[in-house]
Every structure is written in C-alpha cells, then in structure tokens.
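**Q** Residues per chain, in single letters:
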Amino acid sequence: MANITNTPESAGSNLMARALREAFYAGLVALGLFVLFVGLKTDQNILNELILVQRWGLLAIFVVIAAVGRFLSVAYIRPFLARQKVTNAVTGLLPDSVATRFFRVPIVVVAAVIAILLIFAGNAIAAALPAVLVPWVTMIRALAIIYVLAFGFFYFRVYIAAHFNTLAIIALIFYPPVMVYFFGYQGSLKYVDNFGIQILIYVMLAWGLNIVVGLAGLLDLGYVAFYAVGAYSYALLSSYFGLSFWVLLPMAGIFAALWGIILGFPVLRLKGDYLAIVTLAFGEIIRLVLINWTAVTKGTFGISGIAKASVFGIWSFDVSATNNFAKVFGLPMSSAYYKIFLFYLILALCLLTAFVTIRLRRMPIGRAWEALREDEIACRSLGINTVTTKLTAFATGAMFGGFAGSFFAVRQGFVSPESFVFLESAIILAIVVLGGMGSLVGIAVAATVMIGGTELLREMTILKQIFGPDFTPELYRMLIFGLAMIIVMVWKPRGFVGTREPTAFLRERKSVSGSFTKEGHG
Amino acid sequence: MEYFVQQLVNGLTLGSIYGLIAIGYTMVYGIIGMVNFAHGDIFMLGGFAALIVYLVLVGLFGGIPIALALFIMIIVAMVMTGLWNWVIEKMAYRPLRGSFRLAPLITAIGMSIALSNFIQVTQGPRNKPIPSMVSSVYEVLGISISLKQIIIVVVTAVLLTIFWYIVNHTPLGRAQRATEQDRKMAALLGIDVDKTISITFIMGAALAAVAGTMYLMYYGVIVFTDGFTPGVKAFTAAVLGGIGSLPGAVLGGLMIGLIESLWSAYFTIDYKDVATFSILAIVLIFKPSGILGRPEVEKV
Amino acid sequence: MALETDTMTKDPILKVDHLSMRFGGLMAINDLSFEAYRGDITALIGPNGAGKTTVFNCITGFYKPTMGMITMRQKAGKEYLLERMSDFEVNRDAKVARTFQNIRLFSGLTVLENLLVAQHNKLMLASGYTVLGLLGFPAYKKAAAQSIEQAKYWLEKANLTDRADDPAGDLPYGAQRRLEIARAMCTGPEFLCLDEPAAGLNPRESLVLNELLRSIRKDTGTSILLIEHDMSVVMEISDHVVVLEYGQKISDGNPEHVKHDPKVIAAYLGVEDDEVEEVIEQIEEIAVAAPGDTPK
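Protein chains in written order, with the working numbering: chain A, 1 to 522; chain B, 1001 to 1300; chain C, 2001 to 2296.
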C-alpha cells in the first residue's frame, strides 16, 4: 500500500495488475489487523475461566472484504471518481451527473406507486406473505419513501436552500400530528420521542456548544458538565423543594451559566489543547462528584421520580391530577400527549437558542466572539477585553446546556451520572464540527444524520433476517457512529456547511468560503 | 514512614504505565500537532492482544515459563498495535494532515469510539479476568514489593532508555526531531516525512502495547472500556509535563501515579480522580504550558 | 539644534521616559527617551534588531517594560501611564491604536465586519451590554446604523468600498495593509501606531499608503507613530524621526537633520566608529555631485 505510487496508468491491464497487487496487500494487512481480534474470541466457560473460541470463517470474510474492496476501489471507483471530478457547486454533495442519473422521473413514479401501495395496503400484503418476508416489505416501503422524498429534495433543492428555515420549522410543527395520523397515538411515540425529541435535544446542545467552539473558537471537551448541572438542578430542586418546571428552567440555565463562569475564569488564558484537557477534566470532576456525593445526589443510583412538566401550570400530565390534560379534554388516557407536549417544548427551546444565536451574531458581542476565533491579539489591539468576551461565550453556551439539561431531566423523569460521560461531550462536539462550525443549519443536519441514523439502526429488524435472530443492531450503533465520524471528517473536513454567513453587508450578502475562516486556537 | 514508602512504590508502578502511554500522546503531538484521542484505545487494544496471545500460549503449551510467555506477549502486542496505528494513521489521519485543527481531533475521537466498540463487538462486553501470572512478593525493610511492580518499573526504565537513545542518537530520531521543528524544511532536506510520521505512530503504539501488557499483568483483568480512563490520565500526564516534551511525559506520568496512590492512601479513594484533575487544573493555571513545556511566546 | 525649538512650540502627545526592556540576558531597549508631538507623523527607524517593534509593543501594552514610563496625553488633557495598562485598555481608554508587522486581520470576516468589530466598545455600550440590543431596543439599532456609516467613511478613504462584502483574507496584500489601518482608525484613536505599514508594498501601493496617512492626519488630527524600513516613505511623509540602534536612541530630529547625522549613516552602512568621518566626506561629495537628489 505504502510503496506504490500513483503514476498515471496507460493500459487497462496495467491497472488491473496494480489493483490485484494492492488487493493482495490489503488482504494481508486485514489479516494482520484482525487475526487476533476477529479470528479468536475470548469467552467465559462454565467455570468462569477465559477460553478462546475460534472464528476463522469470520476472519476470512473480513480479509476477503478488505481485498475485494481495495480491488474495486483501485480498478473501478477511483478511475470513475477521477472522471467525475467536477462536483456540483450547488449541492456540494455529489457530482451533478451522478445525482441526475440517480434521480430519474420513471424511477420516481415506480417508487411512488410502490410507496403508496405499501403504505395503504401494506398490512394486507404482509398478512398474505410468509412471516420471513414481512421485514423485507417494511424495508422496501422505507426505501421507496426515502427515494421519493430524496427526489423531492433534489428536484426542489434551489427552492429549499432559499427557504430552508421556514420550511424546516413548518415541517417540525406538523411532524407530531402527521405521525399520529399515520401510526396512531401509541405508534407515534417511537417517532416523536425516540427520533424527534432525541434529535432536538442534541440539536439544542450542539447549538449551545457552537457558541463556544464554533463562534468563539474555544475548544471545550467538557460541555456535558453544564448539561449535568442543568439536569441535576432541576432534579434536586424539584424533588427537595417541589418547585415547578417553569420556575426551574430559567434557574437551571442561570446555574449552568454561573458554573460556566466559575470554571471558565481560571482557565481561559490557557490555549488550544491545554484548554481542551482542562475542560475535559472539569467535565469529569463534575461527573465524579455527582457519583461520589451520595448524600445529595444518591450516587450512581441517580434521582428518580422527577416531577413532570405541566402546560404552564394549567394542564398537568400527572395521571392522578384533576387537571390532567386527557381528563380535561375528555380524551382517552395515553402517554403520547405528554411526549407531544415535550416535543413542542424542546422545539421551542431550540428555536429560542437559534433566535438568540442569530441575534447575538449580529451584535457586538457575537462579532467579538468570531473575531476572537480569527485572531485574539488583533482583538486586544482593538480594545476588546478578551477575558470577558471569552467568559460571556462560555456562560452563554453553558446556559443553553443548562436549559437542555433541565429538559432532559423532565423528559426522562430520572437522572444519573451515567448520562453525562465524556462520550456525550464528544458526540456533541462531533456534531458541531461535522455540521460546519458556526452554521446552525449544518449542525441541525449533522445532528439529524448522526443521531437519527444511529437510532434508525435500532429499527432495522431486516438485519435480524440477514444475520440471524441473535443479532442486536444496537450493539453496532456506536461502532457505526464512530466510523461515520471518521468518514464524514475525511470526506468534508470543514463539515457539511463549510461557508460562513456574514453578519452585515453593504451591497450583497456573500458567503465566506471556509478556507478563509479560522478555527481558533483557544 | 513505611506506609508512605509503600505508597511511593505503588505510585511509581502506576506512574510507569501512565508514562508509557503518555509518550505516545506527546510524540504524536510533537510531530504533527494533533491530540491522538484514540491512543488510549490503542493501549486497550495492546492489552487485549496480550490477553489473547496469553490464552493461545497457555492453550498450546500448558507449562510455558512465565518469563517467556510475558516476552512473547509483549512482542506480539507491540507488533499488533503498531500495525493498527500504522493503518489508522494512513487511513484516517493522513488525509487530514494540514487541514484545520479540529478535523483530525474529531476523527481521533471517532476512532476512539470505533475502536472500543470494535473490541466490544468482537470480544464481548464483559470483564476478562486471567489468573495471576506473577505472584511473588518481596519484603524489603518492611515494605512489600511485588515482582509485578519490579517488572513494570524495570521494563519501563529499559524501554525509556532505548527510546531516549533512538530519539537522540539515531538518524531516525534526527529525522523525527527535524520533522517536528519544520515539516516542510525537513521534506526539502530529503527526509521522508510520511515515513517518519508513520514510524512515530508505530513507536507510540508499541509503547502503549507494552503499557497494555503491563496493565493486564498488574491488574489481571481487562475490559473494552479500559482505554478511556488510563488514556485520559495519560493525556493528563502528557499535558501536565508539557505536551510535546518527552521527559515531561514521563515526569507527568509518575506525578499522576504518585498523586493517585498517595491521595487514595491518605484521603478518600473515591475522589482520587477528582484530585488528579484538580491538580492538573491548578498546575496549568500557574504554568500554562505544563511543567517542562516550552512557554508559548506570543509573537506580536 | 532644531530639536530644542521644536520642543518649545510643540505639544507632546506621547512621552517615553527612560524605557528599558530586558528579555532574559538581552537588553532589547536600553534607557530610551523620546517624544512624539500632537499632529505629527513621527517615524521610528533603525536597522534590523534595533528594538523598534519592542518599543511598539511596550507602548501598546503587549509587553510590560522592565523600567521606564510611557505617558499618553489626550487632547482633553487627560494623561495615561501606558506601561501600567493592559493591551486592550491602551486602546479602549488611552485611545492608542496599532497595526501589526505581519498583518493581523480577521480573515474569515468580511471587510465591513472587520471595521465593525473595531467599534466594539462603542457598540457594546449602545446595546446596553448586549441585553437591550437583544431585546431590540431602538437605541442600539441607531448606533448600529451609525457604525456602518463610520465604516463606510473609512472604506471610502482606504479605497475598499468595492470589496466591502468580501472576506478580508481574500484581499490583495496592499489592500490588507490599508484595511488594517482603516480598522485601527475605526476605534477612534488619538494616536496611531503603524508597524512597517509599507513593508511588502510595491511603489504604487506605497504612494497610495502615503496619501492615506496624510489624509488621516489632515482630516482627523490623529498623530501617527510609524516604524519603517523604507526610507523613501520616512523621508517623504514624516515630520520627526527617531533613530534606534541596539535599543538606544542615536538620533532624533526632523528628516533633514537625521539624514545627515553621521551616526545614523554609520548605523545603516555598518561602519566602525573611526570610519565615520570618512563616510561623511563621501556623502558630502555625493551631495555636491547631485544636488537636491533625495533618495527614493
């Protein structure tokens, strides 16, 4: 692999020979990498002793995949990509010709027919088929719907790009009713809660962290600490003092912001990786204190039975309460109402975050943050107090983390230190960077792809059909998440949206290319 | 007094392991200015390689002398993790070299998540205990020193000497130092920069593999999440000593080991990590570039 | 000497008294005293490594001098001891702005945004430290509109109006230099320090720069201190020249005076002390041969 130079090939046979040679090396390397970890598995026997289980077949599959993949890559994919070098500047996703080749009108008509047929007659068809084929029907339906939607996105891409915000907000507002319409109250839970709320929490967290990392250019690896502060403020104050969600939501934000200032103040003169490790350390300290200060936090057991939020105190979601939402409106009892309420609540919090961020960017403080990311010394030469500027960025980011934390507590009804590990910080940071630092839309897309994508994996019952009933897709969730992070970064180092929107303009608003923006050194 | 010295010995052992891992962080940082977050998981991978080799050896030749077994474990683990880190650098980090700073960091975090989950998927999520390999304990002046501790400290000292020699007295070390100073200039002077960086990754991984083997031998158990905590501690050690400085990494490792064992001995064990991280924060507040790190001069 | 009479009539805006700066064992500046006068363009020149930039960094608060006093006297009469202030206060309170030898623009922000960032403190106040601005109070909107007007004024002056919406990093070198000066002027300084503003400029750009500096002085009354290597710029536009060598002042006066100072000639040509006489003779010969020919 290493010692083969990419000289232009003149003859096809030459290319083939090289592809075969590289495939052989790739197979060899794969054999080396996986021989111990895939070829052998450590397992406990009945005596609880470790024994080795041999899996040479699986190892062979790995090696063959590596070799064949390398062969195809060298022989076909790379020459193909070289021919397709001119990418579409508008979508920035795929070479235009590939996209137009992929989205053809006849195909979309067929897909639409299949999708409609399966949506409305899917159950009848499934009943007629043997049980083995049912997941396949579901998958075909999902693929057909995705294809039709993707076609719509592609066809109207210019319009969508121009009106993205309005369209996205409208789509999100109508999301729960549409889900309820298609899947019923009970069936919609999965889509509203697991997908909707879950993704929106990460969107909010990533938007909060974006202020610190994306705008001010301060690398914070312990953001989850503020999330934890928010969650525990709500959990503790509501269970000890019985305060309501609407009182505690702002308080959680203020507490988190205070912690941001307390933690930020001593460390903000540190630079780059020193700042990163200290923020990581603070994140870990807060988690360790939550684990060990059992008298207050109940340690690893966590705090359970956290009070639910109410609709501004008017309607409650407690089953026993007289002003229970379902009772008041004479609806059948279901937990779906609460989830739908939570969905709108987190949507509102997200919109608040976005609104404040957009506003702040156009204000002196927001411009100072971005200037700080570009050049701290120049900032100081212009009379900007960089310490307070950094602190406000830290505190503002922390505040949104605190809001998200209290929402998290109210949604789960349970908090424990388990939820605030470093991995969470890493995921949030990854979403910010994958989305394109500073870009709210890019970050929202990244959160949807990364969180939604891994959630989707849980739903893929089809995989059980292929790999057998013991196969648990959840197990592979984080493995795929990690690999996806690597692939997206190598593919687009600036993230999905690499350009920056200027905050003011004289004649026309031109996006600033990512090659000019800096990523900060603090 | 004996109690104190006993804790010193324990801290020294622990610190040696951290120091070995910290060198990998600090070398990679020195040469390409990137925090290789996956390094902790490379250490864990080394531990697992050693574990599997041990089980193979015991399975094939029941009564193999423990010294020979340990030697083979170390060698195979070094080769294995070296190969892994070589491939990782080539596939995931090299395309991003010279790109903006956060991209390789995120890739490394992704790699860390992928590696630990890869081991979870292929080797199972449970703890992997092995019977104690080395159990002799010596009493010296009222302090009990186990053979394990002696092995760890001696192996670390030998490796560090070899390593120090390579970096300071061989053409390879010279190429590494040159690449560290100025990559472009080094390339112009005929140094194969890609190869030098690859070798740096392989060397860092090999040291981490030794640390992994020692960790397995010392604690007798390993699990797929074991990359994280020692990894973060070693990273802390590297930063504490001044990231980019090799003696700093060793010093930082020893300090962290000592802080941990002394804090656990005299205060509460629950808060030992809190103590470590707090001391890191306090040191950095007063010395923002670590203990042996070169202070960053603000060029105006 | 001409200098004596100058001091009598002119009003010093910046006074550097016995300034010393030591880096480890190196004495970068050794007991330096000079004055810059209000309304003047003062040039600080000297061979490489003479300590010019160090003086600048001491004045603008980026270095803390080992010894000495730097006094800035504003038009209203208020005095500031710059060596006691931190870098951002020097700009915010004492009204001293600066540029950098290696241009430090916010390259990912547009040209206009660069100029808006420079008006940070004014706008912060108008936005009620962000709170009122966030709530959409009209006072901030008015201040924001004014700041754009101010930026437009400087864009016009620096001849950058056409590039206002482009990223600063995209500008050609000469334009970046001008933008940095315009940005410094947007902070509303009384005293402007320019670190080698003409470095790397071609002769045309250099002329445009001279024009800009002259108009800054004329229209805003801002006093200027500049470090320069390019003698043509120095002789062309400065009213007062201070020459440094090895951290010490070797000459001080108007350009004509400095140009003929044997010590300066020696410093620039690098001759031994006993050869100075010889050099002076040579120069006089040249002056006789080509009268009125100033070095360009």
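What the hints contain is simulated information worked out from the structure, not anything from laboratory work.
Just to be clear, a hint being listed does not mean it is correct.
[What the hints assert, rightly or not] With a straight-line Cα cutoff of 30 Å, these simulated DSBU-like cross-link-like pairs (lysine-lysine) come out:
#: 1; chain 1: A; residue 1: 492; chain 2: B; residue 2: 1184
#: 2; chain 1: B; residue 1: 1090; chain 2: A; residue 2: 271
#: 3; chain 1: A; residue 1: 518; chain 2: B; residue 2: 1272
#: 4; chain 1: A; residue 1: 518; chain 2: C; residue 2: 2122
#: 5; chain 1: C; residue 1: 2064; chain 2: C; residue 2: 2122
#: 6; chain 1: A; residue 1: 510; chain 2: C; residue 2: 2157
From a predicted model like this one, the values you see are computed outputs, not experimental measurements.
**Q** Hint by hint, say whether it matches the structure.
**A** Against the structure, the hints come out as follows:
1. A/492 - B/1184: Within the cut-off at roughly 24 Å; holds.
2. B/1090 - A/271: holds (28 Å)
3. A/518 - B/1272: violated (38 Å)
4. A/518 - C/2122: holds (26 Å)
5. C/2064 - C/2122: The hint holds at about 27 Å.
6. A/510 - C/2157: Between residue 510 of chain A and residue 2157 of chain C the Cα gap is close to 23 Å, so the pair holds against 30 Å.
Taken one by one, the earlier hints fail for this structure only at number 3.
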